[in-house]
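Note that UniProt numbering has the sequence shown beginning at 1, numbered continuously upward.
I should point out that these hints are in silico values taken from the structure, not numbers from a laboratory.
Incorrect hints may appear among the rest.
Straight-line distance between alpha carbons at most 25 angstroms, and here's what the computed DSS-like set of lysine-lysine pairs gives [said to hold, decoys possible]:
#1 K64 <-> K75
#2 K75 <-> K65
#3 K20 <-> K9
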Amino acid sequence: MMVLESISKIIKTQLPAYLKNLPLPDTIGGFARLTVSEWLRLLPLLGILALLGYLTIRPFLPKKKKQRDSLINLKIQKENPKVVNEIDTEDLRTPNVCYCRCWRSKTVGGSMPDKTRENIFCRKTV
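Start from the sequences, fold in the hints, and give me the full structure.
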């Protein structure tokens, strides 16, 4: 019962008093003359209005397509159950080289900076 009384007091007493004391200008040009402290007093109301506006238009916004995480390799050697690239270690120029395949860009990276660049570029490395 205490919770309902608190909610009732907020809606019937505190909210009207808050709204009555807000520095809402009569014209659009009046917003340009508001002080910083008046803007700070308007901030909670503007935040709630922005949230309500977003929640209202959200169903009409285009939906993002969900990426199928189970399929990483979409094009490279699809006829093979496993895609393997063999590299002869004698052909390596430097001993500390890391190779990876970025499935999205269809390339095989050569060193750690390239791998980092590929990770950033295609965001999917295996």
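- Item | Given pair status - K65, K75, alpha carbons within 25 angstroms | 19 angstroms, holds
- Message: Against the 25 angstroms threshold, does the CA-CA distance of K64 and K75 hold or violate the hint?
- Response: OK: K64 and K75 at ~22 angstroms, within 25 angstroms.
- Take the C-alpha atoms of K20 and K9, compute the straight-line distance between them, and say whether it is at most 25 angstroms. Answer holds: K20 to K9 is near 16 angstroms, not above 25 angstroms.
In terms of the numbered hints stated before, the structure departs from none.
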